[in-house]
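Trainee: Each chain, written out:
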Amino acid sequence: MAGDKKKNSLILEAVTWRKAGDDAVILNLETSEYYSTNETGTFIWELLSAGKNPGSIAEALAAEYAIDRDQADQDLSAFLKDLAKLKLLRPEAGK
Amino acid sequence: MTESHGPRLPRAGGITISDKIKLEMAVLKARLARLPSAVPHSIFLGVTSRCDLACRHCKYAGSGPVMEMSGPSLSRLLREAAAAGIPRAVFFGGEPLLYRGLEKAVAAASRLGLFTELDTNGQTLTAARASALAAAGLSSVMISLHSHDPSRHNALSGAGSFERAEAAVSAALGSGLITYVSSCIFGSSLSSGGLERLLAFAKKSGAHGARLLAYSPPSGTTRLPAELAARLRSASPDGYARTCARPGRGGCAATRGEVLFVAPDGAVRRCPYAAKTLGKAGPLARFLGRGESPARFPCQKSPRVC
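Taken in sequence, the protein lines are chains A and B.
Mapping the first sequence onto my numbering, position 80 (from 1) lands on 80, and the numbers just tick up by one.
Mapping the second sequence onto my numbering, position 173 (from 1) lands on 173, and the numbers just tick up by one.
Hints were generated in silico from the structure; no laboratory data involved.
Some hints could be false.
[Said to hold, decoys possible] Here are the simulated lysine-lysine pairs, DSS-like style, with alpha carbons at most 27 angstroms apart:
id: 1; chain 1: B; residue 1: Lys20; chain 2: A; residue 2: Lys85
id: 2; chain 1: A; residue 1: Lys85; chain 2: B; residue 2: Lys29
id: 3; chain 1: A; residue 1: Lys6; chain 2: B; residue 2: Lys20
id: 4; chain 1: B; residue 1: Lys204; chain 2: A; residue 2: Lys81
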């Protein structure tokens, strides 16, 4: 079953996904290109699909993986830039 | 934190695969890319020995008593396959469309996260049946069409079988299923150009690919599987057509341990066409990771020639 996606999510309309074990498999329906994430990526992707903003995702990331907030911000920012470049997220997510 | 899996999903002939099935395909490919070597890619489930055709080349035609896989056995096998990490379940026969409760089994497999595929002669695959199977969670269908030439196909499989199979391809495509033409290839197909004409026909029909199996004689051995694999390098450089064997001494999917087959009576074999039975019933885990020598095709009785 495809993962849910809130309307206010940064995830683009043409993108669908499904969890497979610890991974999220993410498919761009327009290009037919697909990607899978590792466990950390899946954690972030699930929060994105729930419509969470980057600030609250970084906070959750820091808590979940016991890292400081600055590190979480940096890791998340790099990940969101990658996802935006791959046309999985709205362009503003990568800025 | 993300990994691209390179090749795009199949698109052919302007036929649309449903978004749901595109996602199932992406999940399958991602899982296959990370699959441990001891885990088969596919479990083939011979749900019934009954068939509504009696193809001249079929090793099962007219042989043995009628056997049906019980519902509880099928449910158990699906659960064990999913638990073992096998990503794909292929419903096989006989003719699986004759199995009562096929849609229910497909739905159960889909709920377990398995990619579900049907290997059928297509004789009763109407648009309504294809839609019902797609709604149950079926992702892909392989439909037997052994020649582009109706008279040649019908000579093997019976009058009118080509026309019904051709209609089944349309029905499957119309239901948004990933659709393959599945063909048994004889030596004459390689020498006469029949292979290339078959592939052109499959593409024209809108099928997303062709899955080819070299004819395996009831006794003795043949180099045909490896010859077919070698020929596809030039006949299908884009990978549209595939076969289980690899060129030269590369073996086949069964010798690599990528496939496991369970017959209706619970007999487990390396593939549906393997001559040797590995064992019967019992937990599926007993049979995992037991690939044979890559020098042997298990569909051939003698291991000498490959």
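Trainee: It remains to establish, for every hint, whether it holds in the given structure.
Mentor: A quick look at each hint next to the structure:
As the CA atoms of B:Lys20 and A:Lys85 are separated by approximately 24 angstroms, the hinted pair is consistent with the 27 angstroms bound. A C-alpha spacing of about 22 angstroms is found between A:Lys85 and B:Lys29, which places the hinted pair at or below 27 angstroms, so the restraint holds. Between A:Lys6 and B:Lys20, the direct Cα distance comes to roughly 18 angstroms. Compliance with the 27 angstroms bound is thereby established for this hinted pair. Among the hinted pairs, B:Lys204 with A:Lys81 is inconsistent with the structure: their alpha-carbon atoms are about 42 angstroms apart, more than 27 angstroms.
Violation of the numbered hints given earlier is confined to hint 4; every other hint is satisfied by the structure.
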